[in-house]
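Here the protein sequences line up with chains A and B, keeping their order.
Numbering-wise, the working numbering puts 184 at position 184 of the first sequence, and it's gapless, one number per residue.
Numbering-wise, the working numbering puts 252 at position 252 of the second sequence, and it's gapless, one number per residue.
If a hint is listed, it holds; no wrong ones were tucked in.
Rough simulated footprint, nothing fancy, chain A against chain B, three-plus residues with beta-carbon under 8 Å:
id: 1; segment: 99-113
id: 2; segment: 122-130
id: 3; segment: 167-173
id: 4; segment: 238-251
If you're looking for bench data, these hints aren't it; they were derived computationally from the structure.
Positions of the beta carbon are idealized from the N, C-alpha and C atoms, including for glycine.
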Amino acid sequence: MNIVVLVKQVPDSGAERTLSASDNTVERGSASNVINEMDEYAIEEALKIKEAHGGEVTVLTVGPAGATDSIRKALSMGPDKAVHVQDDAMHGSCAVATSKVLAAALGRLNADLILCGAESTDGRVQVIPHMLAERLGVAALTGARKLTVDGAQLTIERQTDEGYEVVTAATPAIVSVWDTINEPRYPSFKGIMAAKKKPLESLSLGDLGVSADEVGTAGATSAVLEFSKRPARTGGAKVTDEGTGGEQLVAYLATEKFV
Amino acid sequence: MAEVLVVVESGVKKVTLEMLTIARGLGSVSAVVFGDADTDKLAEFGAEKIYTASGDDVANHLVAPKATVVAELVKRVQPAAVLLGSTQEGKEIAARLAIKLDNGLLTDAVDFAADGTATQVVFAGSTIVKSKVTKGLPIVTIRPNSTTPVAAPATPSVEELTVAVSDTDKLAKVVERVAEQKGSRPELTEAGIVVSGGRGVASADNFKLVEELADLLGGAVGASRAAVDSGYYPHQFQVGQTGKTVSPQLYIALGISGAIQHRAGMQTSKTIVAVNKDAEAPIFELADFGVVGDLNKVVPQAADEIRKRK
Ligand SMILES: Cc1cc2nc3c(=O)[nH]c(=O)nc-3n(C[C@H](O)[C@H](O)[C@H](O)COP(=O)(O)OP(=O)(O)OC[C@H]3O[C@@H](n4cnc5c(N)ncnc54)[C@H](O)[C@@H]3O)c2cc1C
Ligand SMILES: Nc1ncnc2c1ncn2[C@@H]1O[C@H](COP(=O)(O)O)[C@@H](O)[C@H]1O
Numbered sequence: 001m002n003i004v005v006l007v008k009q010v011p012d013s014g015a016e017r018t019l020s021a022s023d024n025t026v027e028r029g030s031a032s033n034v035i036n037e038m039d040e041y042a043i044e045e046a047l048k049i050k051e052a053h054g055g056e057v058t059v060l061t062v063g064p065a066g067a068t069d070s071i072r073k074a075l076s077m078g079p080d081k082a083v084h085v086q087d088d089a090m091h092g093s094c095a096v097a098t099s100k101v102l103a104a105a106l107g108r109l110n111a112d113l114i115l116c117g118a119e120s121t122d123g124r125v126q127v128i129p130h131m132l133a134e135r136l137g138v139a140a141l142t143g144a145r146k147l148t149v150d151g152a153q154l155t156i157e158r159q160t161d162e163g164y165e166v167v168t169a170a171t172p173a174i175v176s177v178w179d180t181i182n183e184p185r186y187p188s189f190k191g192i193m194a195a196k197k198k199p200l201e202s203l204s205l206g207d208l209g210v211s212a213d214e215v216g217t218a219g220a221t222s223a224v225l226e227f228s229k230r231p232a233r234t235g236g237a238k239v240t241d242e243g244t245g246g247e248q249l250v251a252y253l254a255t256e257k258f259v
Numbered sequence: 001m002a003e004v005l006v007v008v009e010s011g012v013k014k015v016t017l018e019m020l021t022i023a024r025g026l027g028s029v030s031a032v033v034f035g036d037a038d039t040d041k042l043a044e045f046g047a048e049k050i051y052t053a054s055g056d057d058v059a060n061h062l063v064a065p066k067a068t069v070v071a072e073l074v075k076r077v078q079p080a081a082v083l084l085g086s087t088q089e090g091k092e093i094a095a096r097l098a099i100k101l102d103n104g105l106l107t108d109a110v111d112f113a114a115d116g117t118a119t120q121v122v123f124a125g126s127t128i129v130k131s132k133v134t135k136g137l138p139i140v141t142i143r144p145n146s147t148t149p150v151a152a153p154a155t156p157s158v159e160e161l162t163v164a165v166s167d168t169d170k171l172a173k174v175v176e177r178v179a180e181q182k183g184s185r186p187e188l189t190e191a192g193i194v195v196s197g198g199r200g201v202a203s204a205d206n207f208k209l210v211e212e213l214a215d216l217l218g219g220a221v222g223a224s225r226a227a228v229d230s231g232y233y234p235h236q237f238q239v240g241q242t243g244k245t246v247s248p249q250l251y252i253a254l255g256i257s258g259a260i261q262h263r264a265g266m267q268t269s270k271t272i273v274a275v276n277k278d279a280e281a282p283i284f285e286l287a288d289f290g291v292v293g294d295l296n297k298v299v300p301q302a303a304d305e306i307r308k309r310k
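Isolated chain A (complex conformation) (with noise of 0.2 Å):
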């Protein structure tokens, strides 16, 4: 089976993020960069389902050049090979202009199976799936928490409020996870090692055929107006319970009128 992964970078969500205050895009220079945490569970399945039934996985990445580094520590935990398309005409691009720079690599890559994460946690838009789905003509289906491939035939079971849902499609297919599918591998040192040499394709638009007017804060479909920062809680309160400690908590909430 031909899988190609989608990794994003993302800022780290562990650390301060903030919007570039020249163009209110989301800083990526500054900030420490990670590989999105949902992407890392779309790797670790891509590599089950290799061990299960053999095949080539691909990680594709679209993002500016740092992104380098995420890929190679895709690749560390056992991918084949990536795709990294970069152009710096893609600085500020909207996530209807980054589907369609993804659905234009992805053409050119013929996946059986498309893995992404439900979300990334910088946006927590959680759109690019469905959005690739309706480009490339093929099914999405999304939040696996828990993915079975029997030949051609992909059934997922996705949580919803109710419950949880069975879902099929056949393949070619794009199918986003949640973190609840799997537990993913650290790299080993020798998957270090062996990603250095790993095979890493850079695309530029051109490449792709995809015009520099139509990405970027020049093609962008939406655009952030003005931001700030909120005012940081501030702690409140605190009591020490030695013996009432339940008895002010109600109180508290009484004069709040919550009870």
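Position chain B with the ligands against the provided structure of chain A, taking the given hints into account.
What follows is chain B with the ligands alone, placed relative to chain A:
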């Protein structure tokens, strides 16, 4: 006056009523309903028109057929805006609509003004952003608990839409829906009060303390990722960066340290109360009221005290 389309969440959730309330400030409100819906409720909150679409094609193939139905409607009535709930389904319909119409979209808005400006809270609740769709009409998903629903009764006309979807829309088939035990608690993202437990709750069995307090307050139960990963509570109740975002009037954190990824899902709560045995736990930095103590003592006592006051 141009129509504003509100795509109704199944079962008419609170976010639907919030969307109807917001939509009334933008134009004439039209609700789009898939399957059955409580049309009386939609009328009560100001729907002038109700479009319905039903049948196996829309019911059994995730969101693709629904997006096709909404896209056709958009092309026909040229609405001023399309509002959807910021839920998995709402975002996914919006994603497909954006591609079908070659149009911008904004997700997770907490407000949407008549001039088309949406307000979003990003980066773990630390940053407020004002943004606009700059291509096409505004397609905006609204986060639950963004505004207080206000009734404004109307007498809607109802139109049944013909559903003509392509084979491509039907590629993903829902073969089974399994309902899991669902108590009488309010939906996590829409609850006015949320009581969450973390690793400090220490076992699945002990989560009954969290549930008991939630039930006494009429609230929903949430959990930190550490509690979910340890198997104490199911994943759909996880609050935070990779879980649900909640914004209730009152959030009570029991045995939760307050990691930045947890804060991401609860930081915009109106009032925050914490119980933690570690006086240095970061959660106290944002708690309006904190009790430093063992939750196994504090919570049962609080429950007793609430019962006494009832
Ligand atoms: C990309 C990413 C995404 C993440 N997404 C989420 C997310 O969506 N939601 C989330 O919650 N986390 C998320 N996390 C994890 C997060 O970083 C923390 O690890 C997690 O929130 C910790 O949960 P906790 O507070 O329950 O556990 P801990 O940090 O272990 O804290 C337990 C607390 O309980 C207290 N305690 C222990 N016993 C008692 C007692 N008897 N009485 C009172 N207090 C007691 C301790 O003092 C401690 O403060 C994410 C992490 C990453 C990297
Ligand atoms: N620029 C990108 N490059 C590669 N994959 C991406 C990119 N943006 C989003 N994705 C993938 O799409 C998933 C959902 O992202 P999003 O819709 O942005 O929340 C992510 O988890 C990634 O797997």
